[in-house]
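S.K.: Fit chain F to the supplied structure of chain C, relying on the hints for placement.
There are 2 protein chains.
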Amino acid sequence: MAKGKMTATQRQYDEENSMSCGSWCEYVLVVVLSSLLLLASLVLVLFWTFYYRKGYSWSEDPAKQFNAHPTLMIAGFISLSGFSMLLYRISRCCRKIYVKLFHMIFHALAIPCVVLGFLAVFESKSFSDPPKPHFYSMHSWMGFVTMGLFVFQFVVGFFSFIILLCCEGATAAFRAALVPVHASFGVTTLMMAVATCLTGLTQKVYHDVGDEYSHFSEEGIIINALAMVLVALGIIVSYAVRRNSLHIPAKVLISERL
Amino acid sequence: MAKGKMTATQRQYDEENSMSCGSWCEYVLVVVLSSLLLLASLVLVLFWTFYYRKGYSWSEDPAKQFNAHPTLMIAGFISLSGFSMLLYRISRCCRKIYVKLFHMIFHALAIPCVVLGFLAVFESKSFSDPPKPHFYSMHSWMGFVTMGLFVFQFVVGFFSFIILLCCEGATAAFRAALVPVHASFGVTTLMMAVATCLTGLTQKVYHDVGDEYSHFSEEGIIINALAMVLVALGIIVSYAVRRNSLHIPAKVLISERL
Chain C
1 MAKGKMTATQ RQYDEENSMS CGSWCEYVLV VVLSSLLLLA SLVLVLFWTF YYRKGYSWSE
61 DPAKQFNAHP TLMIAGFISL SGFSMLLYRI SRCCRKIYVK LFHMIFHALA IPCVVLGFLA
121 VFESKSFSDP PKPHFYSMHS WMGFVTMGLF VFQFVVGFFS FIILLCCEGA TAAFRAALVP
181 VHASFGVTTL MMAVATCLTG LTQKVYHDVG DEYSHFSEEG IIINALAMVL VALGIIVSYA
241 VRRNSLHIPA KVLISERL
Chain F
1 MAKGKMTATQ RQYDEENSMS CGSWCEYVLV VVLSSLLLLA SLVLVLFWTF YYRKGYSWSE
61 DPAKQFNAHP TLMIAGFISL SGFSMLLYRI SRCCRKIYVK LFHMIFHALA IPCVVLGFLA
121 VFESKSFSDP PKPHFYSMHS WMGFVTMGLF VFQFVVGFFS FIILLCCEGA TAAFRAALVP
181 VHASFGVTTL MMAVATCLTG LTQKVYHDVG DEYSHFSEEG IIINALAMVL VALGIIVSYA
241 VRRNSLHIPA KVLISERL
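The listed protein sequences derive, respectively, from chains C and F. Counting along the first sequence from 1, when you hit position 247 you're at 247 in full-length UniProt numbering, and nothing is skipped either side. Counting along the second sequence from 1, when you hit position 13 you're at 13 in full-length UniProt numbering, and nothing is skipped either side.
This is chain C alone, in the form it adopts within the complex (with noise of 0.2 Å):
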């Protein structure tokens, strides 16, 4: 009975390390593979433009100063907002409130790319020889949109960071309700971003590439090579913002093992 008794703790026992072993592994995977793709998309867009694209220029050379529009956004909406969310879903080493100052700073950071990325394209149109009109394309529309989502989604980060600062008690029930919504909404607007990325490198692929694209040309490899990181890239975010497991409870990182 006794040797019973045992066989059913030590079972027991065994069931909790065995799960515990998977939710790391899964972990694990999934901060690897999401920062490996979020690096890849910025190499993978900075590659496309110095090898294919002659590099940057601002306002002195308008085809060159296009090129910074893809890259700043990449770098702004995808790369800076995925590590953003992804320090913020995973973290587990400090304390919550740094945790916070984090997520929001990478994403502060990410609005000076985005200004200049949308700087870029419309002075590159504007003084390109005709000058190109703006905002017709489903791209730029879905764009603004993108934008709006990412402002509305800081504004309200902020103000409820501002008053988690103030005065913490009072607002806990209104902090708690939002924390849902915000995270939601964040997911979405990666999603937009991505989307939009998408829209994007295909009115490229088409200005630039051209027929050759349908003859699996090298620069329309890469291109598309760039979509499909992306394109994990959403998926795999998505997944680890949603995923409760990766909300790993200390009792089980700390092992009682160890």
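No incorrect hints appear here.
Just so you know, same-sequence chains aren't split out, so a pair can sit in one copy or run between any two.
With a straight-line cut-off of 20 Å between C-alpha atoms, the simulated SDA-like cross-links for lysine to any residue are:
{"#": "1", "residue 1": "Lys54", "residue 2": "Ser128"}
{"#": "2", "residue 1": "Lys125", "residue 2": "His215"}
{"#": "3", "residue 1": "Lys125", "residue 2": "Phe144"}
{"#": "4", "residue 1": "Lys132", "residue 2": "Tyr206"}
{"#": "5", "residue 1": "Lys132", "residue 2": "Ile221"}
Since the hints were derived computationally from the structure, they do not count as laboratory data.
M.R.: Chain F in isolation, oriented as in the chain C frame:
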């Protein structure tokens, strides 16, 4: 003292009531808006095809055969799948087993749409003169990812549904663990479908509308409007699926006041 106690009870009752009223308004708004947008996407793609693209055909006219592709893909991946997800999330009137069954039937109805939609573009390209190459664009690569996710979701959902009928008790824990993964990948599949549609529409607008697009041509605006409907759909359906308050407990709906 008795008066104070009564007032506190009254306040608590009113708070509960106002919360349920807020949730009810949110619920109705989400259901009505999502349904309108799901129908609008289908109406807009039909209007676009009949009014600007000369309607439908099959093998006898490859150019018109192509027109079946956006319509069937939007019908399958967006309208039917979207209704299916929404139905599962918002149903309150029937037993869970019937809701699951309808969820599966709606997704099953999407399969012939997707298969025929795929055949429409494949045959249209193969039979055009000269034949056009296949699977070079990021739209087609994204299409494969979306179809893969759809098949994965359908097989996993169907498998767990069959198990449910065979040995309900033994698989309860497994199915409970599966639910959030299935829901998460469901939203991701819809987001992927929306993004794939948007890249497809961008391609199409550059092929068919051409330079007129940048001069705010009528057809261009209709396609952009369709794109915006898809974007709004993506935002609202993903919000509806993730929002816990839309899972109103029965006791709130069947109010004690009734």
